[in-house]
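Chains A and B, in that order, give the protein sequences. The first sequence begins at 29 in the working numbering and counts up by one. The second sequence begins at 18 in the working numbering and counts up by one.
If you're looking for bench data, these hints aren't it; they were derived computationally from the structure. C-beta atoms are modelled at their ideal positions from N, C-alpha and C, and glycine is treated no differently. There's no promise every hint is true.
As the list claims (entries may be wrong) - Straight-line C-alpha distance at most 20 angstroms; calculated SDA-like pairs for lysine to any residue:
(1) B:Lys-51 to A:Gln-184
(2) B:Lys-51 to B:Ser-65
(3) B:Lys-19 to A:Arg-114
(4) B:Lys-19 to A:Val-39
(5) B:Lys-51 to A:Thr-169
What the hints assert, rightly or not - Here chain B is said to cover these stretches of chain A; the calculated rule only asks that three of the stretch's residues, wherever they fall, bring their Cβ under 8 angstroms from a Cβ of chain B:
(6) 102-109
(7) 148-161
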Amino acid sequence: MANTINADNGVSSGTAGLKSTSDGTGILALQTNGTTALTVDASQNTTLAGTLTLGTATQAVPSGTAPLYAARAWVNFNGTGTVAIRGSGNVSSITDNGVGDYTVNFTTAMPDANYSSTGSAQAVPGSYDAFFQLTSTANPTSSACRFLVQFPGTGQRDSAYVSYVAFR
Amino acid sequence: MKRIIYPTDDGGVAIVIPAPEALETMTIEEIAAKDVPSGKPFKIIDTSDIPTDRTFRNAWEYSE
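Isolated chain A (complex conformation) (with noise of 0.2 angstroms):
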């Protein structure tokens, strides 16, 4: 049970309009057509059954019940020449600190320094593999975390697509 708030278009009911229901629940369900889309329980503890849409971009309804983490950061930047940012998520700048060593500067600081890193780059030619690694000259910060773009047998090189991406 729940209390009810019920946008009714009458189709199954014979009667359209906004209807309510209480109990001593403490739980709220709006609704649509009898149907429950969203329900706030006891404890704050928000449940959509349909589709959330923020803006006009869908989020997708994942399967399971395991939480999910959203990324907290992310920038995707060419490493090369005139070295430019193609698009990025709380992100306020990097920092070219020379060949393949950045620092993604957030603009909203992280809680804490325990969030989780991974990036990536292109390979460049006469390279097969490119390496993303924190350095060792900087321990990732709340607010910035720098990392090398490696790349085996020549090192530190500059890469045309570099990705970074945080999850907390």
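Given chain A, work out where chain B should sit, using these hints.
This is chain B only, laid out in the frame that chain A set:
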């Protein structure tokens, strides 16, 4: 387009590239205040003033 440069501890130069997304809500001066290490001098320069040939990138130096 602008860039922020500051000297590194090893005698080189760091180049801060502001994110276009961030520039929608922050000025480049605000980004410099946030992302340049505390106490470091810095300059805001035109992107065109930075060489595109990065062959000797690690030898670049900061000049006052």
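To see whether the hints hold, each was checked on the structure:
1. B:Lys-51 to A:Gln-184: Given pair B:Lys-51, A:Gln-184 is violated - Cα atoms ~27 angstroms apart, limit 20 angstroms.
2. B:Lys-51 to B:Ser-65: violated (23 angstroms)
3. B:Lys-19 to A:Arg-114: Status holds; Cα separation ~15 angstroms.
4. B:Lys-19 to A:Val-39: At roughly 60 angstroms apart (the allowed maximum being 20 angstroms), A:Val-39 and B:Lys-19 break the hint.
5. B:Lys-51 to A:Thr-169: holds (14 angstroms)
6. 102-109: holds (count 4)
7. 148-161: violated (count 0)
Of the numbered hints stated above, those contradicted by the structure are hints 1, 2, 4 and 7, listed in ascending order.
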